[in-house]
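Q: Residues per chain, in single letters:
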Amino acid sequence: GAVVSQHPSRVICKSGTSVKIECRSLDFQATTMFWYRQFPKQSLMLMATSNEGSKATYEQGVEKDKFLINHASLTLSTLTVTSAHPEDSSFYICSARALDRGRAPDTQYFGPGTRLTVL
Amino acid sequence: ELKVEQNPLFLSMQEGKNYTIYCNYSTTSDRLYWYRQDPGKSLESLFVLLSNGAVKQEGRLMASLDTKARLSTLHITAAVHDLSATYFCAASNTGNQFYFGTGTSLTVIP
Numbered sequence: 001g002a003v004v005s006q007h008p009s010r011v012i013c014k015s016g017t018s019v020k021i022e023c024r025s026l027d028f029q030a031t032t033m034f035w036y037r038q039f040p041k042q043s044l045m046l047m048a049t050s051n052e053g054s055k056a057t058y059e060q061g062v063e064k065d066k067f068l069i070n071h072a073s074l075t076l077s078t079l080t081v082t083s084a085h086p087e088d089s090s091f092y093i094c095s096a097r098a099l100d101r102g103r104a105p106d107t108q109y110f111g112p113g114t115r116l117t118v119l
Numbered sequence: 001e002l003k004v005e006q007n008p009l010f011l012s013m014q015e016g017k018n019y020t021i022y023c024n025y026s027t028t029s030d031r032l033y034w035y036r037q038d039p040g041k042s043l044e045s046l047f048v049l050l051s052n053g054a055v056k057q058e059g060r061l062m063a064s065l066d067t068k069a070r071l072s073t074l075h076i077t078a079a080v081h082d083l084s085a086t087y088f089c090a091a092s093n094t095g096n097q098f099y100f101g102t103g104t105s106l107t108v109i110p
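Keeping their order, the protein sequence lines are chains A and B. Just so we're aligned, residue 1 is where the first sequence starts under the numbering used here, counting upward by one. Just so we're aligned, residue 1 is where the second sequence starts under the numbering used here, counting upward by one.
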């Protein structure tokens with residue numbers, strides 16, 4: 001199946017610092033990547049939709065200046081949590097929608113997630 | 001925005017028993033997905049349901065979709081311990097954005 005990687009898998013940072021999380025599609029090109037946040041024992045909440053070469057679309061209530069998304073190529077999207085605070089501690093998961101027709105239609109392939117802890 | 005609800009939120013069942021998880025969604029969506037998540041891990045795709053009346057089965061799990069009722073079900077047959085996990089359904093809109101249900105935490109007791 002399609003592989004999506006995330007880096008880092010875990011990060012601990014001090015309050016006020018910025019953290020960058022990378023999401024890569026390893027064996028396919030992704031027209032669209034999505035970023036989700038999951039708090040403990042809760043569901044996944046869609047944060048933003050990222051299309052290659054254009055600005056990300058953010059869901060209501062998600063601060064675009066705090067969660068900067070860059071989708072520089074068809075295989076890489078990055079999420080930067082700026083000036084992180086303890087309430088930003090969460091499990092961040094990306095997913096990618098495949099471009100080529102060999103992949104299952106209209107499905108998303110999920111990365112392994114990044115656990116962010118802000119002290 | 002699609003609203004997706006699942007029930008039950010928690011399910012504790014004995015090995016060998018059958019049970020059904022329900023997933024309702026608020027507006028038109030022709031695609032419904034089921035995922036499994038183990039603690040601390042990401043999502044594993046179980047089923048993709050693309051049309052009204054779709055039924056898919058894999059091992060002890062069977063998923064169905066009724067787009068008119070805006071309802072999908074995940075049926076567990078003769079549960080085994082290995083099925084213990086959290087199960088999520090998700091519906092997608094025309095922009096292929098996924099909206100997840102609240103999740104069902106399943107514990108299978110020997």
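Just so you know, these hints were derived from the structure itself, not from any lab. Bear in mind the structure is a predicted one, so any value in this text is a computation, not a measurement. Positions of the beta carbon are idealized from the N, C-alpha and C atoms, including for glycine. Hints should not be assumed to be uniformly reliable.
[Claimed, not checked] Covered stretches of chain B (chain A as the covering partner; in silico rule of three or more C-beta atoms under 8 Å from a C-beta of chain A):
no.: 1; stretch: 35–48
no.: 2; stretch: 60–71
[What the hints assert, rightly or not] In silico DSBU-like pairs for lysine-lysine, Cα to Cα no more than 30 Å straight-line:
no.: 3; chain 1: B; residue 1: 17; chain 2: A; residue 2: 14
no.: 4; chain 1: B; residue 1: 3; chain 2: A; residue 2: 64
no.: 5; chain 1: A; residue 1: 20; chain 2: B; residue 2: 17
no.: 6; chain 1: B; residue 1: 17; chain 2: A; residue 2: 41
no.: 7; chain 1: B; residue 1: 41; chain 2: A; residue 2: 55
no.: 8; chain 1: B; residue 1: 41; chain 2: A; residue 2: 14
no.: 9; chain 1: B; residue 1: 41; chain 2: B; residue 2: 17
no.: 10; chain 1: B; residue 1: 56; chain 2: B; residue 2: 41
no.: 11; chain 1: A; residue 1: 55; chain 2: A; residue 2: 14
no.: 12; chain 1: A; residue 1: 55; chain 2: B; residue 2: 56
no.: 13; chain 1: A; residue 1: 20; chain 2: A; residue 2: 64
no.: 14; chain 1: A; residue 1: 41; chain 2: A; residue 2: 64
no.: 15; chain 1: A; residue 1: 55; chain 2: A; residue 2: 20
no.: 16; chain 1: B; residue 1: 68; chain 2: B; residue 2: 3
no.: 17; chain 1: B; residue 1: 3; chain 2: A; residue 2: 55
no.: 18; chain 1: B; residue 1: 56; chain 2: B; residue 2: 17
no.: 19; chain 1: A; residue 1: 41; chain 2: A; residue 2: 66
no.: 20; chain 1: A; residue 1: 66; chain 2: A; residue 2: 20
no.: 21; chain 1: B; residue 1: 56; chain 2: A; residue 2: 66
no.: 22; chain 1: A; residue 1: 64; chain 2: B; residue 2: 41
no.: 23; chain 1: B; residue 1: 41; chain 2: A; residue 2: 66
no.: 24; chain 1: B; residue 1: 68; chain 2: B; residue 2: 41
no.: 25; chain 1: A; residue 1: 14; chain 2: A; residue 2: 41
no.: 26; chain 1: B; residue 1: 68; chain 2: A; residue 2: 20
no.: 27; chain 1: B; residue 1: 68; chain 2: B; residue 2: 56
[Claimed, not checked] Derived DEER-like restraints, expressed as beta-carbon distance ranges:
no.: 28; chain 1: A; residue 1: 55; chain 2: B; residue 2: 80; range: 44 to 50 Å
no.: 29; chain 1: B; residue 1: 26; chain 2: A; residue 2: 51; range: 23 to 29 Å
no.: 30; chain 1: B; residue 1: 3; chain 2: A; residue 2: 55; range: 34 to 40 Å
no.: 31; chain 1: A; residue 1: 42; chain 2: B; residue 2: 71; range: 32 to 38 Å
no.: 32; chain 1: B; residue 1: 80; chain 2: A; residue 2: 14; range: 26 to 32 Å
no.: 33; chain 1: A; residue 1: 70; chain 2: B; residue 2: 81; range: 41 to 47 Å
no.: 34; chain 1: A; residue 1: 66; chain 2: B; residue 2: 18; range: 44 to 50 Å
no.: 35; chain 1: B; residue 1: 59; chain 2: A; residue 2: 80; range: 28 to 34 Å
no.: 36; chain 1: A; residue 1: 51; chain 2: B; residue 2: 27; range: 44 to 50 Å
no.: 37; chain 1: B; residue 1: 71; chain 2: A; residue 2: 83; range: 40 to 46 Å
Q: Check whether the Cα positions of residue 68 of chain B and residue 41 of chain B lie no farther apart than 30 Å.
A: 33 Å, violated
Q: Given the hint that residue 20 of chain A pairs with residue 17 of chain B, does the C-alpha gap stay at or below 30 Å?
A: 45 Å, violated
Q: Range first: 44 to 50 Å. Now tell me if the beta carbons of residue 66 of chain A and residue 18 of chain B are that far apart.
A: 46 Å, holds
Q: Check whether three or more residues of the stretch 60–71 of chain B sit with their beta carbon closer than 8 Å to a beta carbon of chain A.
A: violated (count 0)
Q: Hinted pair, alpha-carbon criterion (30 Å max): residue 55 of chain A, residue 20 of chain A. Please report holds or violated.
A: Holds, at about 17 Å.
Q: Does residue 41 of chain A sit within 30 Å of residue 17 of chain B, going by the straight-line distance between their CA atoms?
A: 25 Å, holds
Q: Sort out whether residue 55 of chain A lies within 30 Å of residue 3 of chain B, counting only the CA atoms.
A: Holds: residue 3 of chain B and residue 55 of chain A sit about 25 Å apart, inside 30 Å.
Q: Cβ-Cβ distance between residue 42 of chain A and residue 71 of chain B: within 32 to 38 Å?
A: Roughly 23 Å apart at Cβ, these two residues miss the hinted range, so it is violated.
Q: Take the C-alpha atoms of residue 66 of chain A and residue 20 of chain A, compute the straight-line distance between them, and say whether it is at most 30 Å.
A: 12 Å, holds
Q: Given the hint that residue 14 of chain A pairs with residue 41 of chain A, does the C-alpha gap stay at or below 30 Å?
A: 24 Å, holds
Q: Evaluate the given range 28 to 34 Å for the C-beta pair formed by residue 59 of chain B and residue 80 of chain A.
A: Violated - the Cβ-Cβ distance for residue 59 of chain B and residue 80 of chain A, about 41 Å, lies outside 28 to 34 Å.
Q: Against the range 40 to 46 Å, how does the distance between the Cβ atoms of residue 71 of chain B and residue 83 of chain A compare: consistent or not?
A: Since residue 71 of chain B and residue 83 of chain A have Cβ atoms about 43 Å apart, the given range 40 to 46 Å holds.
In the structure shown, a violation is registered for the earlier hints numbered 2, 3, 5, 12, 21, 24, 26, 30, 31, 32, 35 and 36, in ascending order.
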